[in-house]
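Engineer: Going down the list, the protein sequences come from chains S and C.
Every letter in the first sequence is one number past the one before it in our numbering, and letter 257, counting from 1, is 257.
Every letter in the second sequence is one number past the one before it in our numbering, and letter 363, counting from 1, is 363.
Think of the hints as simulated: they come from the structure by calculation, not from any bench.
Everything numeric in this text was worked out from a predicted model, so none of it was measured.
Built from N, CA and C at the ideal position, the CB exists for glycine as well.
Any given hint could turn out to be false.
Simulated restraints on C-beta separations [as the list claims (entries may be wrong)]:
1. C/Ala146 - S/Leu519: 22 to 28 Å
2. C/Asp15 - S/Met553: 48 to 54 Å
3. C/Arg219 - S/Glu548: 30 to 36 Å
4. S/Leu519 - C/Gly366: 38 to 44 Å
Here are a few chain S residues that face chain C, going by a calculated C-beta distance under 8 Å [unchecked claim]:
5. Tyr261
6. Gly293
7. Phe390
8. Gln403
9. His438
10. Thr773
Incomplete in silico selection of chain S near chain C, CB under 10 Å [what the hints assert, rightly or not]:
11. Asp258
12. Asp289
13. Thr292
14. Ile295
15. Thr340
16. Thr343
17. Phe347
18. Ile450
19. Trp462
20. Tyr463
21. Leu879
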Amino acid sequence: MPRRDDLKSVLVIGSGPIVIGQACEFDYSGTQACRVLRSEGLRVILVNSNPATIMTDPDIADVTYVEPIDPGVIETIIAKERPDALLPTLGGQTALNAAIALHDAGILDAYDVELIGADVEAIQRGEDRQKFKDVVESVGGESARSVICHTMDDVLEGAEQLGYPLVVRPSFTMGGLGSGLAYDEDDLRRIAGDGLHDSITNEVLLEESILGWKEYELELMRDHADNVVVVCSIENVDPVGVHTGDSITVAPALTLTDREYQRMRDIGIAVIREVGVDTGGCNIQYAVDPRTGRIIVIEMNPRVSRSSALASKATGFPIAKIAAKLAIGYSLDEIPNDITEVTPASFEPALDYVVVKIPRFAFEKFPAADPTLTTTMKSVGEVMALGRNFGAALLKAMRSLEQSGAEFDFSQRVDLDAPGVRADVTARLAHPTADRIHTVRLALASGMSIEDVHEASWIDPWYLDQILQLQEVADAVAAATDLTDDLLRLAKETGLSDHQIGQLRLTEETVVRGVRHALGIRPVYKTVDTCAGEFEARTPYHYSSYEEETEVMPREREAVIILGSGPNRIGQGIEFDYSCVHATMALSEAGYETIMVNCNPETVSTDYDTADRLYFEPLTFEDVMEVYQAELAAGPVAGIVCTLGGQTPLGLAADLKAAGVPVLGTQPEAIDLAEDRGEFGQVLDAAGLQAPQHGTATTFEGAVVIAERIGYPVLVRPSYVLGGRGMQIVYDEQQLRGYMESATEVSADRPVLVDRFLEDAIEIDVDALYDGTEVFVGGIMEHIEEAGIHSGDSACVLPPLTLGEAVLERVRSATAAIAEGTGVRGLLNIQFALAADVLYVIEANPRASRTVPFVAKSTGTQLAKAAALLAVGRTIAQLRGGLLPQAGDGSRLAPDHPVAVKEAVLPFRRFRTVDGRAVDSILGPEMRSTGEVMGIDRDFPRAFAKAMMAASTTLPTSGTVFVSVADRDKRALVLPVKLLSDRGFSIVATAGTAAVLARYGIRAETTAKHFETGAGEESVLDRIAARGFDLVVNVPGGRQERADGYEIRAAATSANVPLLTTVDEFSAAVSAIESLQRDAMDVRALQDWA
Amino acid sequence: MSLLSSAPAVLVLEDGRTFRGRAYGATGRTVGEVVFTTGMTGYQETLTDPSFQRQIVVQTAPHIGNTGVNDEDDESDGYWIAGYVVRDPSRRVSNWRATEGLEERLTRRGIVGISGIDTRALTRHIRDRGAMRAGIFSGDEAGLDAQTQLAAVRESAPMAGSRLVDEVSTTQPYTIPAVGPQRFRVLAYDLGIKSATPEQLAARGMEVTVVPASTPFERILELAPDGVFFSNGPGDPATSDHEVEVLRSVLRARIPFFGICFGNQLLGRALGFDTFKLTFGHRGANQPVLDVETGRVEITSQNHGFAVAAPLGEPVTAPQAEFGRVQVSHIGLNDQVVEGLRCLDTPAFSVQFHPESAAGPHDSRGLFDRFADMMTDSPASARA
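This is chain C alone, in the form it adopts within the complex (with noise of 0.2 Å):
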């Protein structure tokens, strides 16, 4: 049994700090900027977000594994962790859906694990001094010297300043159908998307074609869509110079624009605000997020280590003068960071939080409706 008989393993922080503790998954070495979720489920959802390429995900709640992998929560095709931390995972898998225990998908798609180390000590570890590169060293690594395994660490590249979206991003465009009448035609950027978002779109009458992110934006004239969504991805908004590009183009067509994380950075960046690294991020599924407009608390899945800086309360003049008025839609509650734009003159908004909330609550999933009604309302047909 894994508790008596196992490879050793150890994680390794570029502060110096380690954490001993038991090989899970594929043995071997990994590196990545260790970050910590408090996702109380959805693991597999977590595994397969490519948000979290080049990351070494921590989960904070200690039973990893309980209800096994199956093949309907994948929430895209690859397994983009760079590594997993947990605590106690199971070795028994309980679930009526389940195909597959964890266990064997991570070791299958080669996923470097550590498991059995107090990760709430890492947590706060991290919460305390910010989120860092680590290593996870097991069998033979394992016992490699600590200095070898630091520098190790310490060579791999930071993730401010890294552009991962080519990484995650699809080669090949490829169209989900609206389900019932098709109301819309939308273009979806995959800066790292997850299937639930298209889902949620598809759900709404829309026709959803999802394109590499360095589609130019003279495609999308030639596709004429009904409204531009970016996605979610993993990697430092800064380096979104083309993406960012694009959006401007699409602004100023008054093609109606909806992004979701990544994508909330993006415009934010469009519209001339910058963007700036959290200390450790917000990864979750319990966030509170005040809708400005609404006065509502939604609880949110969020999974941003960076955010856009931009002034709360009323409306501002976008540093892009040219798109017009702009709000910060939403705040998140715990502190005070911008969750959400909306442009007042310009038919575009988007949430730094997950609406299609795979894993997490489905609170906010009016937004896709939301974005349905701005295609409504600012028909992309009637554009200038």
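Next up, chain S with everything else stripped away, as it sits in the complex (with noise of 0.2 Å):
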């Protein structure tokens, strides 16, 4: 049957902001569907609050709302709307809930909305546990045992019959939050508890533990017509107990005899089309007991997943295209395969390789944090690798993520037999953390047999053999004499890069390159092509292989290369994917073949659609290298643009171009030139601009010398990272003594930065593009929150709140100074702060920011597109008229020019010190959110609301609202409090705060702090835990106070209520909640607002 002629129009709910466990695989598959869904000719009507998505581009949908994904905003959009149907399945968890919300109020029904894609009685099937097991059963599949519970009575009687330990499991939650391994009632208690709250129906499931059995996942696809394909099977090296997101995953299953794996498959189908997914996809995922074989289906996603976007990408079967397809009517058969195009897409991909998907983890983001890995998903993104088997998959993945260790050290060994030493080895294996497989390595290497490595982490024992082996090949690699032809290849063959390898001869990597080239032992480049060579592929999607024949097809047109972002972390997310992608589509309109070189299986710019040619490669020297030569012999190459993906190629500039390679746009020059403290002093002293103080030091008593010399509070950091990272406030000559002491290993080489800490001072963000005479300003942001707070975690406002034209024209004028100074060709990216009147420049990014998208969405103006024809050449004269606006630019903008607000997401109810309790929320001048969201409306108040509602604040228009904040903020505190307490909310205090608000005349009830209540007696805590407040405003003091309200903050984090940690968020905040007592919130599309 073809596709269902009775559907016109087609709401799409999208993913909203990347959060653990929900990322850019949702960008990636919600525009997959936009884009079939239009081609098929349907009006594509789109919600989605999170600006640096591809999505949300206002060519993708027909009409395009970055609005809160909320059951209200979403009803009025339905009603402005009149769609025919809502697609909710693509854009995960958040989209499905959205749905059966709006299904639930009867606002589906009232609108004559019909859900396509999935029924909800299924989706209840599918995620209601009890339910979910009843099906399990019904088909014969087996469930772990279980217990289903809605209160802590339940729980307790529950853990009697089961035993400990258990795990819980919550409703209806991604990623699972909420859900962890209880060993004791304390546990359990403190598990369940949160478990019932995180739920949106108080569900908690409490089962056996399975700990430790082989790991599976199937990704299926069914039709109208009843036909189910297995798309992927998805093994975890890390045994149960360690969730999926969070564990070393390969495709295909690998340890499974076809009895074995058949018989998961026929539970599968029989699972997916009892519970009725009509058409779409679904994950299921089972434990095997690695003793017996028996299997248990641990749970399944209606949906498409993070899992279908990684199985997307390891078979090149695009299963959020093809869902969407099948969710307006086609089936399965009717839809061509996109990569063979003679064949049909009801088939089961076939891989001649092996993939393997390993996450990336941001604790050093949060040093309270525990980093034990359990069924909470606490990874912020993740890698693919592809190789012709699992050793060189395994070192491709490895080296992918970025991070130094990351890669095997081969040469480190521990004498097992040393006092304690195999005692603890065996500890650390039993124990799931993010290094373990470094734990793996080191062990085998030191004579552990793989029995007793097996025994500790119940990794299979084939896996241990596979890391083994590599070891084996680095020892011949180390004790050869001579580096021979046969040894470099079998090196190489087994996936050792240069590095290594350098590391194993106790020589540099450059040598052992050259050696290597001399020899001609080079990669090749095999096809990812769903048939394992049964069919000829179409679609070039590559990755690298030490072997024989090489599939890189000879070209006409010249390419440009576009070096990724690799994989999403804190501080180089989709942002950046989104100005690659752009960087594709103004190239190949622009007549270039492209060609995108990325590790990160998550984002749209890996679709093989986005680009000509994909390259699933590590963004290393090496790599890029290997796919530049490949390139080079099948076609002319422009170049490669290293300035669109983040800090990652930008840091491959210079040793590209040293290497002979042209680097288009920015020079590797003019990146030292904004990067190098010095080399930057000098821009700014010859424009006249000035930095704030700053001196670099070796030792502590250098620092201290420093810090006295420009006057505390200083901001000190460690000057080799960038991001923020190891960045913190220091008020005084103690504070940086243990900053010193603590915090880094300082040495000549890796001095300290102190620079002079602004302090009210107002942080101002520029992106602007330059093309060696015209500067054109993107936007200018103001941000939020004072300076101190880094940028990516603080809200900001376009434009600019509150500075002036004379303001305004500086910033202009020192934009244009430094984009000269520093010769940057293409987009820049600066950092104000404006204190005393006085504009300081901060730094300096020579790349495409983190705000790019968002400049784009607020202002219409495609700045990512724009810089990468500057990096060929083009001029800004030359755009004008077409991609940039004819006259004017992002600073000039009319005074009816909507307001559009960015807020950050935090993760921080991900995290759990290891005695259990919340992180701290406060933010700083280290960066630690995940991703972001936009509020856009006529006015500040309204673009605020939308804003904080889109990023889970949700701001409440009565009720109760709890203030404690340090002295130093008392005074800017009275306005605001006032003004709520006007607008008919309660107010309740901490003593010190209340005393101050008695003086104003405003009544405030006054509360216990924890410490002082007697036994019996409620504390703000206690109140805090059981949702007494509609809102918590705790504002720490610029020294010691930052830490005393932790527990207020750590409670609301847990209990999930508004938290507000800053003056300034507080005051945006209650002139929002006055604006949305005035009236209800309102929508209006992108398309409009142009």
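Fit chain to chain and form the complex, with the hints in mind.
Structural biologist: This is how it looks when you write it as structure tokens:
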């Protein structure tokens, strides 16, 4: 049956901001879906609050609402647009939950909107624990023994039946949020208590522990004709106990016989039918007892998931795209396989390679958090690598992580017979952490038997032996008198990097590469073709391998290679992928053949439809150079774009240029001028601009001298990291000593930078383009929080809220001076601080920044596309009237221009300290947000209200507010609290704050701090935990007070009560609350603002 | 360890292309037709599938041997393949059912193999040039000069025109009892039968007597089964005149008939259609097949190098008009190859793929039920 002709318009819900457990894979799937639906002639209406997505580009959907994903807001959109159908399965759990809420509220019925791609009963059968267990049982499968609980009494009773340890899983949450393993009653009370709260149905499941079992996933698709295919099998190297998002995973499954695999497949197919997923994809997770083969079905996701994005990239089978086609009536056999073009999509991909995914973590950003991996997902990104065998794929994936120490150091060994060492290694093997894989290698290299390593880690012996084989080859490389042709070839076939071989041979990586090239040992590039070579692939989706035959086809058009941004991490995420994707679009339109190199499976850039050619490869110098050489052999290459993927490709620019590769756009010399402190200082001096006073110290004493010269407070940070890592504001000598002793390894090579910290400064962010003669300011953003909070974590507003034309003019001319002084060609991001009417330059980034997509969405100007064209020689003058406006720029917006607010989304709820408490949610100079949202409306209060709602900090319009503010901020607090009080809110405060408020005539109930309460009294913490407040305001002061409010903030974070921690944000929130009380939130499409 | 120290081996194709690698399994020399299979699981079933007689099998899946071999998954008593080509053989066995490592088993069974070659390059070569004769030379044989090796390959018999059924068929009949109450008695011609097939038949209440390929039609009459089954098997169906004649007699006698793979090709020939050799065949566990009757797509396990030339679409009268109308019941969606035949006026049907599916997906096991239904609806005892 061809597609349904009764559907004319479809509402698609995106997944909102990037959070742990729900990242840019849903931009990939949503973008695919929107494109499919539009190409089928349907009118697509999109709602997604995340401006950094490709899917919210105004040309992806017909109508794009960058609005909060909230049932009320969506109802307004439905009332306005009257879509025929709602497709909720491509926007993660967020979209699915929103769709269920709309259904339950009767909104879909009221507006006659059909849910396509899923139905509510099927979603419930898939996601409701008990219903799903019934389904599994009815098809002859097995689930873990379990008990469903709705109260803590149920929980305790259930634990008695099942015994410890046991797994706690809340219903209807994503990324395993709130789930955990309880070893005793204390654990259980804590985990289940949170879980009961997190679940929208107040439901948790307790189940028997299957810790240590082998864990698998199948990705299935079903069409309306009941055809079912299994797209991909995925095996977790980390056994059950670690969330699949945090596990090293492999596709296809490698340690099952056909009988076992088919049994799993049979159960999966029976389950998808019984659950009733009519059309679309689903993911089913299994555990297999390694001793007996007993198979248990763990859970299913009746929607496109993170794993399905991975499976799509791993196999070349585009699950989201197909799911969208199935939802509008096609059957699998009516849809062609994209890659072969001649065979249908009703097949199961055959792989002739191995895919390894490794998660990337950010525990360094949350030093207080327990780094143990559990069933709650904590990773912030992932890398994928393809190799012709597991070992090569594993090594490639490890180097794709781009973290120091991420690659195996094969020379490391320990003496297992030394006192305590074996026990220590064994304990580390048993304890799942991000670097357990290194402990596995260390143990095997040091002579521990595979049996012993397996016994401790429960990692399948087959994988352990594969790692041991890598070590054996490494040992042979280290031991050989000469690095012969054969041995070097074997090392490369095995997957060792030139760097690793150099480490083993005690020589430089460049020497190894020189020898290798002299011997003609080069990788070939194979193709992901869905069919193991059975049919010809039409889509050049490549990965490297050291073997015989390359499949890179010759080409005639000149190519541009675009380097992506690698794994998502805090500070470098989807925003950079956005810019890279835009570059491929612009360059392709300009007639170039576009070639993408990236290793992040979640992204749009690694969709093989995005660039003309895709190389799924690590972003290291070695790997990028080999791609360049391979493409140079295939046809002309204009050069490589390094400035759009963030710091990762930027860091490669100098080496690439030195190796003779044409670097397009901003040159390494300009990058140095912007990034090297000394050189940048000269640029500023020449332009008559000021930076905050600073110095560089290599000792504590040196730091004290500098700090005294420039005056406390100072901002200190190590010089060798970027993105705010290890940055701290220090208020006195004692704190400085603490920082120097604990936080950093200081040496002459690794000095500490000491900067004057500007208190009460307004921070300003600028994104601009420069072509060598003309500057185009894309946008000027004013931060809502004062300087000192990392720009990535700070809310900001465009056009700037309070800056006058005189200041803007100073910002423009400073931007132009820095652009000229550094000589960038393309995008430039500058951070300024305005303090006491002095404009300071904080830093300049000679590349696309995190705010480029936000600026593009709020001003309608495609900065990244323009930057890509500047890189190949176009000028701003040439782009005017096309990509850029005919006249003016983003700093001169019309008075009625809408106001856009960007708000950061922070992951504090994901992390727990070792003793199980929430980590502190205070903002600081170190960036910790995972994503962002945008609110756009005709004035700031409305836009800010939307941004807060979209960031899940829904502001109340009535109720009780708890206020606790450090002394220095008490004055600033009075006015907003007064407004709230006047507007009918009840105010509760700590004694000190309440006293100040009373003097201003504001009545506030006084509550005891938790350490002031006697037995039986309710403390503020109890009240927060009981959700006795609708809003918590806790503003810590400059010094020790920062730590004092921790208990309050932790309680608010745990209870998921809206929490504000700065006075600026509180003031903004109060204005937003006023506007919300005045009139209901209205919606307007991006296309209508333009 | 195998990567650092093992005997050399070379794979020589009849068109002169060679691949150098490492010896795997037994060392020595072997020749056969080189074919690739894309199944990602089930190498033990592949190795013991008689349809691979005289073929050198290339596994496109790189890691082979991970789960060792066990006592339950053999599809026959023999290791039929002529040679084995893998990329990354496992030296470690990891599975609770395993009883032996794969390489030990191959060595014990005398299967000459080669590992460590670019199997994807080889697969693409076969895809573009077609399945062809090849030889693996390992150990001392690897040192022979290239011309000698190539000559040995070119001297071997080509697959087209080869009758191999007699090499794999059982010499003595044997009977597998029905599971549960016996509903039917089926005579199964062993043209290279896999053990999963009688298991599937037996599971549906059929007592299955497996007989040699040479069994004459008269013996069928003596045994008076409720149905006759023709199995899969190796070689060129154009060489099976005896079996085709037996089958025509079965059809004339209106004894319900079901055939798989080689059995499908023989039904095609019995009805008067030709068979032909595919360029590189269908071998794997991911082949989509449209069941024309239900409109559903099934993912099937396949292993065939020959196919029936019959018109797709509306039923036609069989070239052997006495058997009435016939319809192509199953179509391979990748390349529109005939994957099944259904007689409309005679109780007979067959499929080119493997519904018993060991290894492979179980989507098509309902066909065994169809056979049972056919025996119920067209009882052999009621024939004229």
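Engineer: Take the hints in turn and mark each one as holding or not.
Structural biologist: Here is how each hint holds up against the structure:
no., hint, in the structure
1, C/Ala146 - S/Leu519: 22 to 28 Å, "holds, 24 Å"
2, C/Asp15 - S/Met553: 48 to 54 Å, "violated, 23 Å"
3, C/Arg219 - S/Glu548: 30 to 36 Å, "violated, 53 Å"
4, S/Leu519 - C/Gly366: 38 to 44 Å, "violated, 57 Å"
5, Tyr261, "holds, 5 Å"
6, Gly293, "holds, 5 Å"
7, Phe390, "holds, 7 Å"
8, Gln403, "violated, 28 Å"
9, His438, "violated, 21 Å"
10, Thr773, "violated, 51 Å"
11, Asp258, "holds, 3 Å"
12, Asp289, "holds, 8 Å"
13, Thr292, "holds, 6 Å"
14, Ile295, "violated, 12 Å"
15, Thr340, "holds, 8 Å"
16, Thr343, "holds, 4 Å"
17, Phe347, "holds, 4 Å"
18, Ile450, "holds, 7 Å"
19, Trp462, "holds, 4 Å"
20, Tyr463, "holds, 8 Å"
21, Leu879, "violated, 44 Å"
The structure is inconsistent with the numbered hints 2, 3, 4, 8, 9, 10, 14 and 21, although it conforms to all the rest.
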